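*Asks:* Given the coordinates of chain D, work out where chain R should sit on it, guided by the hints.
Protein chains: 2
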Amino acid sequence: MEKRNKVFIATSLDGYIADKNGGLDWLHSIPNTDQVDMGYGAFMNEVDAIIMGRTTFETVCGFDCPWPYSKPVFVLSRTLKTIPEEYVGKVQLVNGSLSEVLKQVHGQDYHNLYIDGGNTIQSFLQEDLIDDLILTTIPVLLGGGSSLFGDLDQALNFELVSSSVFLDQVQQVRYKRTRK
Amino acid sequence: MEKRNKVFIATSLDGYIADKNGGLDWLHSIPNTDQVDMGYGAFMNEVDAIIMGRTTFETVCGFDCPWPYSKPVFVLSRTLKTIPEEYVGKVQLVNGSLSEVLKQVHGQDYHNLYIDGGNTIQSFLQEDLIDDLILTTIPVLLGGGSSLFGDLDQALNFELVSSSVFLDQVQQVRYKRTRK
Numbered sequence: 101m102e103k104r105n106k107v108f109i110a111t112s113l114d115g116y117i118a119d120k121n122g123g124l125d126w127l128h129s130i131p132n133t134d135q136v137d138m139g140y141g142a143f144m145n146e147v148d149a150i151i152m153g154r155t156t157f158e159t160v161c162g163f164d165c166p167w168p169y170s171k172p173v174f175v176l177s178r179t180l181k182t183i184p185e186e187y188v189g190k191v192q193l194v195n196g197s198l199s200e201v202l203k204q205v206h207g208q209d210y211h212n213l214y215i216d217g218g219n220t221i222q223s224f225l226q227e228d229l230i231d232d233l234i235l236t237t238i239p240v241l242l243g244g245g246s247s248l249f250g251d252l253d254q255a256l257n258f259e260l261v262s263s264s265v266f267l268d269q270v271q272q273v274r275y276k277r278t279r280k
Numbered sequence: 101m102e103k104r105n106k107v108f109i110a111t112s113l114d115g116y117i118a119d120k121n122g123g124l125d126w127l128h129s130i131p132n133t134d135q136v137d138m139g140y141g142a143f144m145n146e147v148d149a150i151i152m153g154r155t156t157f158e159t160v161c162g163f164d165c166p167w168p169y170s171k172p173v174f175v176l177s178r179t180l181k182t183i184p185e186e187y188v189g190k191v192q193l194v195n196g197s198l199s200e201v202l203k204q205v206h207g208q209d210y211h212n213l214y215i216d217g218g219n220t221i222q223s224f225l226q227e228d229l230i231d232d233l234i235l236t237t238i239p240v241l242l243g244g245g246s247s248l249f250g251d252l253d254q255a256l257n258f259e260l261v262s263s264s265v266f267l268d269q270v271q272q273v274r275y276k277r278t279r280k
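Chains as they are written, first to last, in our numbering: chain D, 101 to 280; chain R, 101 to 280.
Everything labelled a hint here was simulated from the structure, so no lab data went into it.
Only a predicted model underlies this, so the values are computations on that prediction, with no experimental measurement involved.
Treat each hint with caution, since some may be false.
Where chains are identical, the list cannot tell them apart; a pair therefore holds if satisfied intra-copy or between any two copies.
What the hints assert, rightly or not - Simulated crosslink set (SDA-like; lysine to any residue; CA at most 20 Å straight-line):
| no. | residue 1 | residue 2 |
| --- | --- | --- |
| 1 | K120 | F163 |
| 2 | K120 | M138 |
| 3 | K276 | S264 |
| 4 | K103 | K171 |
| 5 | K120 | Q222 |
| 6 | K280 | H128 |
| 7 | K280 | I130 |
| 8 | K120 | S247 |
| 9 | K276 | T236 |
Looking at chain D on its own, in the form it has when it is part of the complex:
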């Protein structure tokens, strides 16, 4: 079965996923009264599980809303030993090398994976483990914060698959990795 690791994330024009104070308010700087989902629902239908880092997990837990995922979530963590009771059945802890983690997840028959969280995405990219990259760009220069992308040992070529604009203001481009 084909296995694909996918990223779906919004950045500022200067490539940040959180502002200097860790804030995410700028993500909502474009009015969205009709709650256009900017492809998120369609993307979630493409994946059968989510892998995220602990920081992202704790951020999502802190959101003032019900648990937002209908797919199984795997949380990468070396420090967490147990999942808070309310997340049991929704979330599994995983650790080890990324290839070990992927083996565990694939072993549960999940093959199309949503890879989320800045550190996790960077780790996957460092090992050239990302196949699809859907980048949504909010038209603001934050001038600092947490970068989506980090250092890589080698350049990675992608191919533009499609491009759209939401709400007249938000560019979204889908790329896939081209391996020669």
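*Replies:* Using the frame of chain D, we list chain R on its own:
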């Protein structure tokens, strides 16, 4: 007369304008046999002069091609005292604060300015002096190099004006600064 400072530049997916070795080969990673100019000619028609940093000037001087600009070029430099003879009449040296530099350039009746070079663009953005930003994205993650964007004291909001794809692979988005 309305004055506008404009940026037209290509970056990698991760926001670099030169790779780890200062190289620009990746800019040509998408085959362009018909030499599509990706809006460069139309952009040059919008501007009446160019302001660039010394590093960019020296890079352009090093290209194995005739001087590529038909518009006057102002080179920002604190260290250069004279322009090499072959560039006299094409290039003027300017220095001082950006507002002093702009005053000199506007004084010569140039009002729509192409601001070029990483350091120069960053300096203009730090003083919120960029009005139009045309960003062309090559679908490669370089994983390091010279970043287009740098730190800012304040976030700067832009508005998406238009979006196009060249050569099926190269996304170009035009933004303008929205000042409230």
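*Asks:* Reference check for the pair K120 and S247, CA-CA at most 20 Å: within, between, both, or neither?
*Replies:* both (10 Å within a copy, 18 Å between copies)
*Asks:* At 20 Å max between alpha carbons, let me know whether K276 reaches S264 within a copy, between copies, both or neither.
*Replies:* Classified as both; 15 Å inside a copy, 19 Å across copies.
*Asks:* Classify it for me, K120 with M138: is the Cα-Cα distance of at most 20 Å met within a copy, between copies, both or neither?
*Replies:* For K120 and M138, the Cα distance exceeds 20 Å both inside one copy (25 Å) and across copies (34 Å).
*Asks:* Regarding K280 and H128, is the shortest C-alpha distance of 20 Å or less found within a copy, between copies, in both, or in neither?
*Replies:* between (38 Å within a copy, 17 Å between copies)
*Asks:* Under a CA distance limit of 20 Å, which applies to K103 and K171: within one copy, between copies, both, or neither?
*Replies:* within (16 Å within a copy, 52 Å between copies)
*Asks:* Using 20 Å as the alpha carbon limit, work out where K276 and T236 are close: within a copy, between copies, both or neither.
*Replies:* both (15 Å within a copy, 18 Å between copies)
*Asks:* Checking K120 and F163: alpha-carbon separation at most 20 Å within a copy, between copies, both or neither?
*Replies:* So K120 and F163 pass the 20 Å test inside one copy only (19 Å; across, 38 Å).
*Asks:* 20 Å Cα cut-off: does K280 pair with I130 within a copy, between copies, both or neither?
*Replies:* Classified as between; 14 Å across copies, 39 Å inside a copy.
*Asks:* From the Cα coordinates, with 20 Å as the cut-off, is the pair K120 and Q222 best called within, between, both, or neither?
*Replies:* both (19 Å within a copy, 18 Å between copies)
In this structure, the one hint that does not hold is number 2.
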